[in-house]
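> Note that the protein sequences, when read in sequence, are chains A and P.
In this text, residue positions in the first sequence follow UniProt numbering: the first is 1, and each later residue adds one.
In this text, residue positions in the second sequence follow UniProt numbering: the first is 1, and each later residue adds one.
Since the hints were derived computationally from the structure, they do not count as laboratory data.
For every residue, glycine included, the Cβ atom is placed at its ideal position computed from N, Cα and C.
Hints are supplied without guarantee of correctness; some may be wrong.
Keeping only pairs whose Cα atoms sit at most 27 Å apart, straight-line, the calculated DSSO-like set for lysine-lysine is [said to hold, decoys possible]:
1. A:Lys57 <-> A:Lys4
2. A:Lys113 <-> P:Lys58
3. P:Lys127 <-> P:Lys14
4. P:Lys108 <-> A:Lys103
5. A:Lys33 <-> A:Lys103
6. A:Lys96 <-> P:Lys108
7. P:Lys58 <-> P:Lys142
8. P:Lys14 <-> P:Lys108
9. A:Lys57 <-> P:Lys108
10. P:Lys222 <-> P:Lys283
11. A:Lys9 <-> A:Lys122
12. P:Lys142 <-> P:Lys108
Counterexamples of contact, computed for chain P against chain A with all Cβ distances above 12 Å [what the hints assert, rightly or not]:
13. Glu67
14. Val185
15. Asn189
16. Thr197
17. Leu274
Derived CB-CB ranges, DEER-like [what the hints assert, rightly or not]:
18. P:Glu45 <-> A:Leu7: 55 to 65 Å
19. A:Gln71 <-> P:Asp130: 46 to 56 Å
20. P:Arg144 <-> A:Lys96: 20 to 30 Å
21. A:Thr125 <-> P:Lys268: 21 to 31 Å
22. A:Glu127 <-> P:Glu188: 54 to 64 Å
23. P:Asp130 <-> A:Ala63: 31 to 41 Å
24. A:Lys96 <-> P:Ile155: 32 to 42 Å
25. P:Ala272 <-> A:Arg73: 45 to 55 Å
26. P:Ile155 <-> A:Ala92: 36 to 46 Å
27. A:Leu7 <-> P:Thr197: 26 to 36 Å
28. A:Gly139 <-> P:Arg144: 38 to 48 Å
29. P:Ser207 <-> A:Lys96: 46 to 56 Å
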Amino acid sequence: MMTKMVLNKDSMRIEREQDVVPFRNRVREFAVKIGMGIVNQTKLITAASELVRNMLKYAGGGAVLIEAISQGRETGIRLTFEDKGPGIGDIALAMKDGYSSGKSLGIGLPGTKRLVNEFDIKSKTGEGTTVSIVKWKNG
Amino acid sequence: MKQDYFKGLQKRKKQILENWMKSQLSDESLREDLMTNENLREQSEELLNAILGTITEKNISEGMTAEFEQVHEILAGISISRARQGYSPRETGVFVFSLKDALLNSLKEDLSNDPKALADVVLKMNKFMDSMGIITFETFIKGREEVILRQTDEITEISTPVIRVWDGILALPIIGTLDSSRTQVVMENLLQQIVETGSTIAILDISGVPAVDSLVAQHLIKTVAATRLMGAECIISGIRPEIAQTVVHLGIDLSNIVTKASLAHALKYAFAMLKLEVRKPMKDKPSL
Numbered sequence: 001m002m003t004k005m006v007l008n009k010d011s012m013r014i015e016r017e018q019d020v021v022p023f024r025n026r027v028r029e030f031a032v033k034i035g036m037g038i039v040n041q042t043k044l045i046t047a048a049s050e051l052v053r054n055m056l057k058y059a060g061g062g063a064v065l066i067e068a069i070s071q072g073r074e075t076g077i078r079l080t081f082e083d084k085g086p087g088i089g090d091i092a093l094a095m096k097d098g099y100s101s102g103k104s105l106g107i108g109l110p111g112t113k114r115l116v117n118e119f120d121i122k123s124k125t126g127e128g129t130t131v132s133i134v135k136w137k138n139g
Numbered sequence: 001m002k003q004d005y006f007k008g009l010q011k012r013k014k015q016i017l018e019n020w021m022k023s024q025l026s027d028e029s030l031r032e033d034l035m036t037n038e039n040l041r042e043q044s045e046e047l048l049n050a051i052l053g054t055i056t057e058k059n060i061s062e063g064m065t066a067e068f069e070q071v072h073e074i075l076a077g078i079s080i081s082r083a084r085q086g087y088s089p090r091e092t093g094v095f096v097f098s099l100k101d102a103l104l105n106s107l108k109e110d111l112s113n114d115p116k117a118l119a120d121v122v123l124k125m126n127k128f129m130d131s132m133g134i135i136t137f138e139t140f141i142k143g144r145e146e147v148i149l150r151q152t153d154e155i156t157e158i159s160t161p162v163i164r165v166w167d168g169i170l171a172l173p174i175i176g177t178l179d180s181s182r183t184q185v186v187m188e189n190l191l192q193q194i195v196e197t198g199s200t201i202a203i204l205d206i207s208g209v210p211a212v213d214s215l216v217a218q219h220l221i222k223t224v225a226a227t228r229l230m231g232a233e234c235i236i237s238g239i240r241p242e243i244a245q246t247v248v249h250l251g252i253d254l255s256n257i258v259t260k261a262s263l264a265h266a267l268k269y270a271f272a273m274l275k276l277e278v279r280k281p282m283k284d285k286p287s288l
């Protein structure tokens with residue numbers, strides 16, 4: 001596998017619901033800068049919004065790292081969401097369509113995975129969760 | 001001998017005020033458009049009177065005591081009113097810190113032959129004025145925050161209008177992000193209007209919603225369900241191509257809801273439901 005090079009990065013703290021919109025705008029700025037099309041932009045932003053809401057709802061906030069990356073000829077955006085929340089006990093279950101421990105639709109995590117090119121989730125009960133997604137410009 | 005500096009300051013109040021006014025008026029950040037020089041002089045004199053009236057050798061080093069309450073009140077009043085009038089933090093800062101210069105200069109003249117006492121009192125005066133500066137900024141920011149809070153309230157109020165586009169048809173353009181509190185406002189307004197106007201069709205236009213994630217979709221579905229419970233039909237319009245693709249990938253099921261690409265289409269559909277027709281007028285007398 002080719003290595004991913006970081007071109008540009010920025011990190012943001014998410015603590016309140018009001019932080020969601022500025023964060024989304026920042027992601028959009030990054031996506032526009034690398035020339036991502038409107039459809040992929042919307043997919044990325046929706047995925048980001050989905051994950052950031054999860055973070056707020058279940059962990060009460062956390063930090064997000066936004067990176068413009070390149071791998072070979074492709075450029076893309078990588079988002080890493082890190083929280084110190086309760087963690088996810090059963091990741092396989094959480095990734096299933098229609099399952100929600102809260103009262104939402106239960107499509108957040110599996111839906112997000114369908115919206116992006118790479119999806120990686122690590123979680124330890126009681127310690128926190130890290131989710132990392134990559135959306136390629138032409139992916 | 002020691003108490004005398006502050007007594008001396010009292011006596012030289014006039015001169016201090018003049019110096020202070022001079023440095024305020026000569027500073028380039030002076031805002032004559034926001035406050036006349038007479039008002040500025042009045043404000044400055046009030047503050048200076050309060051400070052010199054309270055300050056003594058004993059209480060200067062404990063700037064936050066109850067004795068200074070009046071000073072704090074005046075200072076807070078000035079900085080809050082400045083925040084509302086649109087002064088910049090710098091301009092407000094200059095107001096307080098130029099007083100420090102004036103006071104220190106006066107002390108320097110008084111104590112020019114006693115460097116040790118001068119250094120001592122200057123240090124104390126510095127500390128005192130710094131705490132004044134902190135109060136100024138705390139209240140200045142509080143004033144600004146109040147302005148922002150008021151604006152936020154206004155935005156939520158104006159951002160959810162319910163428009164009666166036709167007899168029996170309501171339209172609700174949603175602009176910005178749909179979060180829980182906004183959905184609540186939207187739903188309340190909509191249901192209320194359905195009752196008041198006796199409408200049977202509501203069009204929710206989401207052209208102005210930047211992204212539809214599962215939370216937004218859930219709120220939309222809830223709004224539609226509530227509208228249906230009231231016996232009205234709900235159409236969602238303004239679904240952009242990229243939003244449509246995203247919704248499909250995300251796996252949100254909107255198939256139970258009537259959706260249209262634009263408000264015009266939704267209106268047309270609503271007309272059809274109400275068996276209304278829009279026609280070009282026939283000419284009265286066809287010219288043959």
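> For a quick check of understanding: which of the numbered hints are violated here, in increasing order?
1, 2, 4, 5, 6, 7, 9, 10, 12, 20, 21, 22, 27 and 29
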